[in-house]
Amino acid sequence: MIYPPYERGIPRAEQTFFENPVIDRFFGSYMALAIEHHLLADRVRILEKALETAGVLPQGALSQERTPEERRIAEKAAADLTERLLKPLVGVQDALGPPNPTSLREYR
Amino acid sequence: MDTREFEAAQDFLLAAKKYWTTDMYRSLRDVYQSRVQGSGKPEPKSVGEVAELLEDEPTYQYFSWLERHLQRMKYSGPYGLVPYFSAHRTHFLGALGEGSPKVKLTLDESLPMPDYYRGIDTHQHVGGLWSDEMAGIVYERGARTTTPLLGEQHATLHDHFTDFIYAGGPAPRLLDLGCGFGKSTRPFANAKGSEQVVGIDLSAPCLKVAKSLTTTIGNCTVEYRQMDVTALAFEAGSFDLVTSTMLLHEIPPAAIEKLCREAFRVLRPGGRMVHLDFYRFPSTLRKFLHFGHGKRNNEPFMISLASMDLPKMLTEIGFVDLEIEPFSETGDAPGTDPAEWRFPWTTICARKPV
Chain A
0 MIYPPYERGI
10 PRAEQTFFEN
20 PVIDRFFGSY
30 MALAIEHHLL
40 ADRVRILEKA
50 LETAGVLPQG
60 ALSQERTPEE
70 RRIAEKAAAD
80 LTERLLKPLV
90 GVQDALGPPN
100 PTSLREYR
Chain B
0 MDTREFEAAQ
10 DFLLAAKKYW
20 TTDMYRSLRD
30 VYQSRVQGSG
40 KPEPKSVGEV
50 AELLEDEPTY
60 QYFSWLERHL
70 QRMKYSGPYG
80 LVPYFSAHRT
90 HFLGALGEGS
100 PKVKLTLDES
110 LPMPDYYRGI
120 DTHQHVGGLW
130 SDEMAGIVYE
140 RGARTTTPLL
150 GEQHATLHDH
160 FTDFIYAGGP
170 APRLLDLGCG
180 FGKSTRPFAN
190 AKGSEQVVGI
200 DLSAPCLKVA
210 KSLTTTIGNC
220 TVEYRQMDVT
230 ALAFEAGSFD
240 LVTSTMLLHE
250 IPPAAIEKLC
260 REAFRVLRPG
270 GRMVHLDFYR
280 FPSTLRKFLH
290 FGHGKRNNEP
300 FMISLASMDL
310 PKMLTEIGFV
320 DLEIEPFSET
330 GDAPGTDPAE
340 WRFPWTTICA
350 RKPV
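Chains as they are written, first to last, in numbering that gives the first Met the number 0: chain A, 0 to 107; chain B, 0 to 353.
Check each hint, because a few of them may be wrong.
[Stated by the list, open to error] On the chain B side, residues computed to face chain A include the following (Cβ under 10 Å): (1) P41; (2) E42; (3) K44; (4) L69; (5) P77; (6) L212; (7) S282; (8) K286; (9) P299.
[Said to hold, decoys possible] Stretch by stretch, here's where chain A covers chain B in the computed footprint (C-beta under 8 Å, at least three residues): (10) 0–10; (11) 108–121; (12) 155–166; (13) 338–344.
[Stated by the list, open to error] Here are the computed lysine to aspartate or glutamate pairs in the EDC-like style, where the Cα-Cα straight-line distance is at most 20 Å: (14) B/K191 / B/D162; (15) B/K311 / B/E256; (16) A/K75 / B/E256; (17) A/K48 / B/E4; (18) B/K44 / A/E105.
Simulated from the structure, these hints should not be mistaken for lab results. Every residue gets a Cβ at the ideal spot worked out from N, C-alpha and C, and that includes glycine.
Full structure from sequences and hints, please.
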């Protein structure tokens, strides 16, 4: 049998693909950031189109100082974003995978 | 996470997977060929020899990383399928239709889940296909992009396979093993000549989705039953055809042998067994990447299936007329080595002697 028995509840090693696992984790953060960028770009694109169509965006509106409520919302958004960006660095696997190493050198 | 964010993130991940499937695969193939030529040795004949050439290659390392982590982000993390559907649990469970009233669903709450099934989160689907009532809905959505280049045409794979089977003659009484949410079963339920179609699976959440999605059936009966494929609750000689699609690579070798012995028992004399799975490889590089895919996608039995001597095992059970051949999901000539990453589809056919 190629694989040992599996048992839930026992932590399994993170799958890594680079000589230095730091790169694995950093690249996870990079990809998470890329997704966030895509989501933001998606919303900005729709928003700008709607504002342009309606003619409701006053000159300089996007550079004014934030209200306390706007600041609270922005801080919450920043906290959420940084958690998503940094969580991959801790290397926790959500789905349980095979417990053995990833090399294929033993196979014929 | 709202629906718009979820859909935009999944769009991004699918776009990245398409890049991985095409441009990145071709870059990796070019690097591999260059390394083979540079080595001054013959083309590798084993997976291990390819590993010696490629495992320290940055393109392969990024290829591997993306294969594992694009799938991880598809299923879990802030915009994954599991958290999204869990957050909208009431809505999606309530939206499940009843399916055709002619379709029967029989669940077995006492059925034990095998250790191999409980111990691995297959496809990186957190909690697997069995532990949460949402698992069938999540899996159905996830499977839409299993073969990214096919896109919405993925269902035609099952139509092609059904046509392939029926080209070998009618099969009025048909058993579909590991039917999941019914994607492989529905083409049989609507095929001319079907009289009794039975789909079985371990997963109750998937079977509920199967019933819901089976809204139209032809002139036949359709039943979904929760059952282990290694212990079939049917009389000997009950079926003209036993089939499965993408099941064998999800179970260990001992279970595959039990499955085939049970299939032999429930087939009538002269009945056929036809599986669609992954077994023949157009090149050693493809085999190497397939073995890696099995590890990276939490499907370890891909490797053990590919390492089995299926002709020997099937012959020992008593099957005859064995045919194990490449299968094309797109209509290309089977067995060619395409310019994109693809599954090594293979049909495994055998007959119970008359």
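Legend entry - Broken hints, by number: The structure breaks hints 1, 2, 6, 7, 12, 13 and 16; every other hint is satisfied.
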